[in-house]
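2 protein chains.
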Amino acid sequence: MHLIDNLQYANWSEKIFRQMREGGVDAVHVTICYHENFRETVANFSQWNRWFEQYPKLIVQGRNGNDVRLAKEQNRTAIFFGFQNPSPIEDDISLVEICHTLGARFMQLTYNNQSLLATGCYETKDTGITRMGREVIREMNRVGLVIDMSHSAEYSTLQAIELSERPIAITHANPAFWHPALRNKSDTVLKELAASGGMLGFSLYPHHLNNKSNCTLQDFCEMIAKTADLMGVEHIGIGSDLCQDQPDSVVEWMRVGRWTKNIDYGEGSASDAGFPPMPEWFVDNRHFGNIEAGLKQTGFSDEDCAAIMGENWLRFYDDNFTPGNASPDA
Amino acid sequence: MHLIDNLQYANWSEKIFRQMREGGVDAVHVTICYHENFRETVANFSQWNRWFEQYPKLIVQGRNGNDVRLAKEQNRTAIFFGFQNPSPIEDDISLVEICHTLGARFMQLTYNNQSLLATGCYETKDTGITRMGREVIREMNRVGLVIDMSHSAEYSTLQAIELSERPIAITHANPAFWHPALRNKSDTVLKELAASGGMLGFSLYPHHLNNKSNCTLQDFCEMIAKTADLMGVEHIGIGSDLCQDQPDSVVEWMRVGRWTKNIDYGEGSASDAGFPPMPEWFVDNRHFGNIEAGLKQTGFSDEDCAAIMGENWLRFYDDNFTPGNASPDA
Chain H
1 MHLIDNLQYA
11 NWSEKIFRQM
21 REGGVDAVHV
31 TICYHENFRE
41 TVANFSQWNR
51 WFEQYPKLIV
61 QGRNGNDVRL
71 AKEQNRTAIF
81 FGFQNPSPIE
91 DDISLVEICH
101 TLGARFMQLT
111 YNNQSLLATG
121 CYETKDTGIT
131 RMGREVIREM
141 NRVGLVIDMS
151 HSAEYSTLQA
161 IELSERPIAI
171 THANPAFWHP
181 ALRNKSDTVL
191 KELAASGGML
201 GFSLYPHHLN
211 NKSNCTLQDF
221 CEMIAKTADL
231 MGVEHIGIGS
241 DLCQDQPDSV
251 VEWMRVGRWT
261 KNIDYGEGSA
271 SDAGFPPMPE
281 WFVDNRHFGN
291 IEAGLKQTGF
301 SDEDCAAIMG
311 ENWLRFYDDN
321 FTPGNASPDA
Chain W
331 MHLIDNLQYA
341 NWSEKIFRQM
351 REGGVDAVHV
361 TICYHENFRE
371 TVANFSQWNR
381 WFEQYPKLIV
391 QGRNGNDVRL
401 AKEQNRTAIF
411 FGFQNPSPIE
421 DDISLVEICH
431 TLGARFMQLT
441 YNNQSLLATG
451 CYETKDTGIT
461 RMGREVIREM
471 NRVGLVIDMS
481 HSAEYSTLQA
491 IELSERPIAI
501 THANPAFWHP
511 ALRNKSDTVL
521 KELAASGGML
531 GFSLYPHHLN
541 NKSNCTLQDF
551 CEMIAKTADL
561 MGVEHIGIGS
571 DLCQDQPDSV
581 VEWMRVGRWT
591 KNIDYGEGSA
601 SDAGFPPMPE
611 WFVDNRHFGN
621 IEAGLKQTGF
631 SDEDCAAIMG
641 ENWLRFYDDN
651 FTPGNASPDA
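Chains as they are written, first to last, in my numbering: chain H, 1 to 330; chain W, 331 to 660.
These are computed hints drawn from the structure, not numbers from a lab. C-beta atoms are modelled at their ideal positions from N, C-alpha and C, and glycine is treated no differently. Do not rely on the hints blindly, as some may be mistaken.
To be verified - Cross-link-like lysine to aspartate or glutamate pairs, in silico, DMTMM-like; alpha carbons within 25 Å at most: (1) LYS521/W with GLU453/W; (2) LYS57/H with GLU469/W; (3) LYS542/W with ASP602/W; (4) LYS387/W with ASP229/H; (5) LYS455/W with ASP397/W; (6) LYS191/H with GLU165/H.
Unchecked claim - Just a few of them, taken from the derived set where beta-carbon distance is under 8 Å, the chain H residues facing chain W: (7) ARG39; (8) VAL42; (9) PHE45; (10) SER46; (11) GLU97; (12) VAL256.
Claimed, not checked - Cβ-Cβ distance ranges computed for the label pairs, FRET-style: (13) ASP578/W with TYR155/H: 50 to 58 Å; (14) PRO247/H with ALA525/W: 53 to 61 Å; (15) GLU403/W with ASP318/H: 20 to 28 Å; (16) GLU403/W with THR188/H: 45 to 53 Å; (17) GLY604/W with GLU90/H: 30 to 38 Å; (18) ASP91/H with ASN396/W: 32 to 40 Å.
Build out the structure end to end from the sequences listed, making use of the hints.
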């Protein structure tokens, strides 16, 4: 089995890279942009290049599905890059290919706010995919940069699924039927996502969990079982949203960026502004075994369990990270 | 035989790409930066991405030697990127790897002026490789970005050869013994270059030629024969410096960039400010056959002729475009 966590944003360190190895995590999709512009995002690619140089026995850059298989053989964790905001491409569609060449494999069309491409889930009106958004979806399809609608509003998400010629992903969110947070997704979205070959990554971020930090493993796994019934077991995986070791200043950056002079508490509140504590059964990369055990307890077969813990993402990586069919003019 | 021209800076067009195919040119190292900063250079990578998308039957991006072999099989020309100035990396050593990932394979440590890394051939004093220059040479060696000293001053060039752990290149220049232009190279430089495994690409730019635009093919080929005696036939190739279809405003940009408010005429003069006319036996990519015939006429064997026309560069590409040995910390 290949173990893949399709979203983390930790305060990266040798300690965490070693925990990935201890936990047998073969690949992680890591966020390298919340609000950064192109040049700032390049600096984040650079920081990862430095880590790859410093810790070659622990981590390696991943570019396609085979890099996950190779990393597993070499006892390393393959790191795939993603953006939670299209800010790195600024207003320049050519930066889609540039960022893909540098290793970006997922890009959200919006974070919580309206972007140049689509509407975020915190806006009151959702106008759907913009003119530039349609162009960027086509370009992302062409180069193999996956559309991620985790933080997008419902209509924008449904439109992205429809407009995209390749499957999209919701890398880190849960079903609203289980916990009706603004970030969690309706049955409609989940069904359309599955019908188009897309993937949902289940989030462990407490604001996305029923009973938040007190969510039980059993409750979480039963939710997965219900979602498997709704979407099909081949369309689900893990996208933990683990933000390990981050100071609370980072969650403020995620929420506020540079777009307001005020504090926006996002999914938190003035009295609960920081990162919430993780459920005790999932604190770091060594704890994926708890989820695997929980899934088996809930009645998943070994095969379905392996699919959810990583094989589904691996198939999705194989199919969606390389260029699609171009339309040559000459 | 693989035909490789290791430097051109044309006003690219479908016409020129078709001439490359007519001329059987398997690979070209193209300049994508004279004075551009990082972001401007990314725009130049983007422009090439657009051409690769528009003309997939004519050109393809090259990243290593095998891409030349593949391009030949596919009847396309492999395009390799290079910078004539280290301006794209600005003051940020991490941009060496970023630019290599985007496809850069040659970078001059200087254009004509002093840079952050070394001294250019138009400065009156040559202080050699700077503190940052030493760091950048090591980083270029690590990632597989070749040091090009075509426009550098003599002491800086000799120091670069000594400091670099991998062979360097002088992609486009001629021996000073034949035509003592400021840009042409001394016997000392050429011998050290060869002794370290480096390569010289012969320039067809008239200011680098004996009798300039009136240089004869025979004179050019006899110069190559003398240089082969000096350096060894395995260390020489072509780097035509063809600037086809460029308006004279471009040569002004090359010379002046943004570093002066005055006009610097470089190798030209006030009365001869523009691009000089090419020798009639080498006007565009269809004319490499003339050089090949001239070399045979001069007495080169078929094998040596093939080495000069491309096989030497191909061997150099095989050896120098991929990462060197890293020094892992963990």
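Consistency of the hints with the structure:
no.: 1; hint: LYS521/W with GLU453/W; result: 23 Å, holds
no.: 2; hint: LYS57/H with GLU469/W; result: 20 Å, holds
no.: 3; hint: LYS542/W with ASP602/W; result: 12 Å, holds
no.: 4; hint: LYS387/W with ASP229/H; result: 47 Å, violated
no.: 5; hint: LYS455/W with ASP397/W; result: 41 Å, violated
no.: 6; hint: LYS191/H with GLU165/H; result: 17 Å, holds
no.: 7; hint: ARG39; result: 6 Å, holds
no.: 8; hint: VAL42; result: 6 Å, holds
no.: 9; hint: PHE45; result: 6 Å, holds
no.: 10; hint: SER46; result: 3 Å, holds
no.: 11; hint: GLU97; result: 5 Å, holds
no.: 12; hint: VAL256; result: 26 Å, violated
no.: 13; hint: ASP578/W with TYR155/H: 50 to 58 Å; result: 54 Å, holds
no.: 14; hint: PRO247/H with ALA525/W: 53 to 61 Å; result: 54 Å, holds
no.: 15; hint: GLU403/W with ASP318/H: 20 to 28 Å; result: 26 Å, holds
no.: 16; hint: GLU403/W with THR188/H: 45 to 53 Å; result: 50 Å, holds
no.: 17; hint: GLY604/W with GLU90/H: 30 to 38 Å; result: 36 Å, holds
no.: 18; hint: ASP91/H with ASN396/W: 32 to 40 Å; result: 37 Å, holds
Checked against the numbered hints listed earlier, the structure breaks hints 4, 5 and 12; every other hint is satisfied.
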